[in-house]
Amino acid sequence: MATEAFAAADESFGTMDTPPLTLKTINPKVLACEYAVRGPIVARAQALQQRLSADPSSLPFDEIVYCNIGNPQALYQQPITFFREVVALADHPALLQLPEIEKFFSADAIGRVKRILQKIPANTTGAYSHSQGHMVCREDIAAGIQKRDGYPCNPDDIYITNGASPSVHNILKLLIRGKMDGVMVPIPQYPLYSASIALQGGTLVPYYLDESHGWGLEISELEKQLKAARNSGIAVRALVVINPGNPTGQVLSEENKEEVVKFCKRENLLLIADEVYQENIYCEGKKFTSFKKIVRDLGFKDSDFTLVSLHSSSKGFYGECGRRGGYMEACGFDPLVKDQLYKMASVDLCSNVPGQILMSVIMNPPQKGDSSHPLFAKERETILSSLKRRAKMIVRGLNGLEGVTCNDAEGAMYVFPQIRLSEKAKKAAADAGVKADSFYCSKLLDSTGVVVVPGSGFGQVPGTYHYRCTILPGEEKMPAVIAKIGEFHRKFMDEYRD
Amino acid sequence: MASGDEKVFHPSKLNENVKKTQYAVRGELYLRAQELLSQGKEIIFTNVGNPHALGQKPLTFSRQVMALVQAPFLIEDQNVRLLFPPDAIARAKQYLSSMPGGIGAYSDSRGIPLIRKQVAEFVERRDGYPSNPENIFLTDGASKGVSQVLQSVIRNEHDGVMVPVPQYPLYSATIQLFGGQLVPYYLQEESGWSLDIDEVQRQYDAARGNGVNVRALVFINPGNPTGQCLSEANLRSLINFAVRNRIVLLADEVYQENIYQDERPFVSARKVMMDMGPPVSTSLELISFHTVSKGPIGECGQRGGYMEFTNIHPETVDQLYKVASISLSPNVGGQVMMGLMVSPPKPGDYSYARYVAEKKEIIDSLRARARIMTDGFNRCKNVTCNFTEGAMYSFPNIHLPKRAIEAAQKAGKAPDVFYCLRLLEETGISTVPGSGFGQKPGTFHLRTTILPPLEKMAGVMATFQKFNDSFMAQYADSPGYGSSQGWSRL
Numbered sequence: 004m005a006t007e008a009f010a011a012a013d014e015s016f017g018t019m020d021t022p023p024l025t026l027k028t029i030n031p032k033v034l035a036c037e038y039a040v041r042g043p044i045v046a047r048a049q050a051l052q053q054r055l056s057a058d059p060s061s062l063p064f065d066e067i068v069y070c071n072i073g074n075p076q077a078l079y080q081q082p083i084t085f086f087r088e089v090v091a092l093a094d095h096p097a098l099l100q101l102p103e104i105e106k107f108f109s110a111d112a113i114g115r116v117k118r119i120l121q122k123i124p125a126n127t128t129g130a131y132s133h134s135q136g137h138m139v140c141r142e143d144i145a146a147g148i149q150k151r152d153g154y155p156c157n158p159d160d161i162y163i164t165n166g167a168s169p170s171v172h173n174i175l176k177l178l179i180r181g182k183m184d185g186v187m188v189p190i191p192q193y194p195l196y197s198a199s200i201a202l203q204g205g206t207l208v209p210y211y212l213d214e215s216h217g218w219g220l221e222i223s224e225l226e227k228q229l230k231a232a233r234n235s236g237i238a239v240r241a242l243v244v245i246n247p248g249n250p251t252g253q254v255l256s257e258e259n260k261e262e263v264v265k266f267c268k269r270e271n272l273l274l275i276a277d278e279v280y281q282e283n284i285y286c287e288g289k290k291f292t293s294f295k296k297i298v299r300d301l302g303f304k305d306s307d308f309t310l311v312s313l314h315s316s317s318k319g320f321y322g323e324c325g326r327r328g329g330y331m332e333a334c335g336f337d338p339l340v341k342d343q344l345y346k347m348a349s350v351d352l353c354s355n356v357p358g359q360i361l362m363s364v365i366m367n368p369p370q371k372g373d374s375s376h377p378l379f380a381k382e383r384e385t386i387l388s389s390l391k392r393r394a395k396m397i398v399r400g401l402n403g404l405e406g407v408t409c410n411d412a413e414g415a416m417y418v419f420p421q422i423r424l425s426e427k428a429k430k431a432a433a434d435a436g437v438k439a440d441s442f443y444c445s446k447l448l449d450s451t452g453v454v455v456v457p458g459s460g461f462g463q464v465p466g467t468y469h470y471r472c473t474i475l476p477g478e479e480k481m482p483a484v485i486a487k488i489g490e491f492h493r494k495f496m497d498e499y500r501d
Numbered sequence: 029m030a031s032g033d034e035k036v037f038h039p040s041k042l043n044e045n046v047k048k049t050q051y052a053v054r055g056e057l058y059l060r061a062q063e064l065l066s067q068g069k070e071i072i073f074t075n076v077g078n079p080h081a082l083g084q085k086p087l088t089f090s091r092q093v094m095a096l097v098q099a100p101f102l103i104e105d106q107n108v109r110l111l112f113p114p115d116a117i118a119r120a121k122q123y124l125s126s127m128p129g130g131i132g133a134y135s136d137s138r139g140i141p142l143i144r145k146q147v148a149e150f151v152e153r154r155d156g157y158p159s160n161p162e163n164i165f166l167t168d169g170a171s172k173g174v175s176q177v178l179q180s181v182i183r184n185e186h187d188g189v190m191v192p193v194p195q196y197p198l199y200s201a202t203i204q205l206f207g208g209q210l211v212p213y214y215l216q217e218e219s220g221w222s223l224d225i226d227e228v229q230r231q232y233d234a235a236r237g238n239g240v241n242v243r244a245l246v247f248i249n250p251g252n253p254t255g256q257c258l259s260e261a262n263l264r265s266l267i268n269f270a271v272r273n274r275i276v277l278l279a280d281e282v283y284q285e286n287i288y289q290d291e292r293p294f295v296s297a298r299k300v301m302m303d304m305g306p307p308v309s310t311s312l313e314l315i316s317f318h319t320v321s322k323g324p325i326g327e328c329g330q331r332g333g334y335m336e337f338t339n340i341h342p343e344t345v346d347q348l349y350k351v352a353s354i355s356l357s358p359n360v361g362g363q364v365m366m367g368l369m370v371s372p373p374k375p376g377d378y379s380y381a382r383y384v385a386e387k388k389e390i391i392d393s394l395r396a397r398a399r400i401m402t403d404g405f406n407r408c409k410n411v412t413c414n415f416t417e418g419a420m421y422s423f424p425n426i427h428l429p430k431r432a433i434e435a436a437q438k439a440g441k442a443p444d445v446f447y448c449l450r451l452l453e454e455t456g457i458s459t460v461p462g463s464g465f466g467q468k469p470g471t472f473h474l475r476t477t478i479l480p481p482l483e484k485m486a487g488v489m490a491t492f493q494k495f496n497d498s499f500m501a502q503y504a505d506s507p508g509y510g511s512s513q514g515w516s517r518l
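Same order as they appear, the protein sequences are chains A and B. Okay, so the first sequence: first residue is 4 according to our numbering, each after it adds one. Okay, so the second sequence: first residue is 29 according to our numbering, each after it adds one.
Quick caveat, the hints were computed from the structure, so don't treat them as lab data. Treat the numbers as computed from the prediction; the structure is a model and nothing was measured. Beta carbons are placed, not taken as given, at the ideal position from N, Cα and C, and that holds for glycine. Take these hints with a grain of salt, some might be off.
[As the list claims (entries may be wrong)] Which chain A residues face chain B? A few, computed with CB under 7 Å, are given here: (1) G325; (2) E384; (3) L387.
[Claimed, not checked] Only part of the chain B face toward chain A is listed, based on derived beta-carbon distances under 7 Å: (4) L42; (5) N43; (6) K48; (7) H341; (8) T344; (9) V345; (10) S353; (11) Q437; (12) K438; (13) G440; (14) V488; (15) A490.
[Stated by the list, open to error] Below, a list of computed lysine-lysine pairs in the DSBU-like style, where the Cα atoms sit at most 35 Å apart: (16) K117/A <-> K381/A; (17) K290/A <-> K227/A; (18) K494/B <-> K341/A; (19) K346/A <-> K350/B; (20) K299/B <-> K182/A.
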């Protein structure tokens, strides 16, 4: 009856002293979601940064080193010249009229921009585009996917978004009807997935990666978790796989990927393949193969298998995080579902156009024979080989520490070492009211200025502790960073020895 | 378990709120226009406030700075002064030094501190009251900020948000996506789309009587699609209403630089609130939205926006920060564009004269087009149109004869959709039917932008009139039916 609802309504109004938009009265799903990558430890780091700016000698270190987030250019990784030429020119095409322009920009970049702008309505980046992204950009992305995989790609299956993250939100929003819908997510995982599932009011169904076997993905574990979820009344709708893994860095083998595809087919699950680190592979003998290729190699067509593949401009060797470029390829979708995806994209009108252009150039880069190729290839090789060296350096350094084991970073941008904490340390953490890995990470920050993210932010087997650290500090800086972490660790272990 | 033949992502197994959501601006009419375009037909797109797509030029200074920020190697070249003026180079250097790692790095999830500060300074200059950068979040367009706020406000299906009718359907779509209830308050077409606070109160009371917890009220000033500019008295009454009923006021002010009359210049909700002094100025919970997509800068494709929190509980701001952080950061190019909009060339700067001239040309042209369009619609049979006082749209009232309504029903279309589809097929003019924005039942409108180039405007209006008058003749109830004066105003 109206009066009961009215009474309930009154409760939210509070007294005149209680503003209506407080923690008590905002959407509980917003309250419930968490995102540790920019969580409390980062807030603490920013406060310390302020102290350092005010008084450089006030702390036992002279700079904050942000190893909490895969943000390469913030740590001075250089952008790829060709990509910057194209977006700069596309945003200021008046430059193309100037005769001196060829002193400043490569002929390839000029040609590319002219071609792209010609195919964009009104030839400008200042207008809203088609809600899935400009057709010329989607065609270039589709061509790049086709070249990579050897299978056709339809530009209508491409949705360009501000980074890959909005695509994840859109798919999960569309998929999750309520708490009874479950999405399988690897543990440890990139917490976009847990946060997004919480925001949509769904259920996260974890499957544990096997740390003792290089963070391997076991089908038996998938089957076990799926069965348990179904037994408790959850309709499991999708499986998320992050390959290469974040935070774990493992690169799945072909056989593993085939098993995953067959599992999804058997159990009628949507496969969400987060492949944003596809160009960050450091392990000899392993290469990236897309899930799309595996699906097609197994003989599954659009009518047989539903797959979402995600990519981004933020990672790889280009690291253009700030540009917010990304896309999802949605294969095998019912046309009525695609209509819904389009509709959702249209409410925000479109993603940023320079990001669309950037993503299309990433998928269609300079080729051998192009005049800009030598510089492009050199820049790419410099960055990737350095990432590879740094990955090895930090894994080696961490494995040398007491009680620390660290799997190889086969790909992506992170290491995820396991730390074994004494009872004394655990007790100190509990007394301080924080999780044991958060306790360790806070102390690491306070004594060295190095910012990492506690493993609890990603999920881990209960009773184990980890943290995620990027491999991104510059190569000249890396030995010092590793040394600082090591020195802190030894002191910590001594201080809290049982 | 679903059978192997049935897709897991089946239309019958989708989030219900998504299925119910509508966004007409890129809905049926637009999709049909795209189809015709791909068949080679010439289409005049007037469905979206997308200035650059219709030939409005970008402001030169903004694009110069953007190019330099994206390609910093240009600044290192000693010949850069051949291509760029000194103040553009200086501003690019300033922005680059404010972002460690340059435009390619994720920024703070709330935006680059320097640019948030520039926004605060802009607000202070505009309103005469201090503004705190800590209460300003930059977003990927204003739409993103609206979405994040509504997500936090709407807890369940009993929560309601008051929205003007007609409205910009971002609000109806987003409220539906988050499973809340839209509580409409009708603007008064017969008095220039004015806002009547008694109507607001009536709707509020009715909603509460139905068990709806009204949490927030949105107003759009200048209005979209209606273009009306609110008076200070209007804003005061809205503010008092919000304070009295303890609801959050959401001020969509994205068209604040698109003003085409002098009687009611733009005044921000924040200024009016501050002018009212305590207790109102310390208790009203206000969130204000702005964008780079409109105004003379018109940079829709860059996706730059901001929201400013006034008297919002700090813990709530923290939660909004948390939600923003999940998407890491707004795109940095859009942030730079926002900085350039709120902090343009100043008197004495090298680029100032050009900036002023470019801006004036755009606004003068928009003002002229607003007039031409309004007058053009009012010349048509059975069409009445309020003047576009601000924003970018014209929202004429199409008084459809009974036979046209019947024909629409027979075709299975809403009457205004039927009219707009015919208009599109016969003339290539792509509009958005009024039903996409909401309208008083029994009335029909369409929204068109005032953006077709000035030199094309007379031709567009003539084409429209030819179509309309022959449509009206075709569906006339009796011979010689209906001049535009034949309908009494409601």
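Hint check results:
no.	hint	in the structure
1	G325	holds (4 Å)
2	E384	violated (19 Å)
3	L387	violated (16 Å)
4	L42	holds (6 Å)
5	N43	holds (5 Å)
6	K48	violated (11 Å)
7	H341	holds (5 Å)
8	T344	holds (5 Å)
9	V345	violated (10 Å)
10	S353	holds (4 Å)
11	Q437	violated (24 Å)
12	K438	violated (25 Å)
13	G440	violated (18 Å)
14	V488	violated (17 Å)
15	A490	violated (23 Å)
16	K117/A <-> K381/A	holds (25 Å)
17	K290/A <-> K227/A	holds (29 Å)
18	K494/B <-> K341/A	violated (38 Å)
19	K346/A <-> K350/B	holds (26 Å)
20	K299/B <-> K182/A	violated (44 Å)
Hints 2, 3, 6, 9, 11, 12, 13, 14, 15, 18, 20, counting from the list given before, are not met by this structure.
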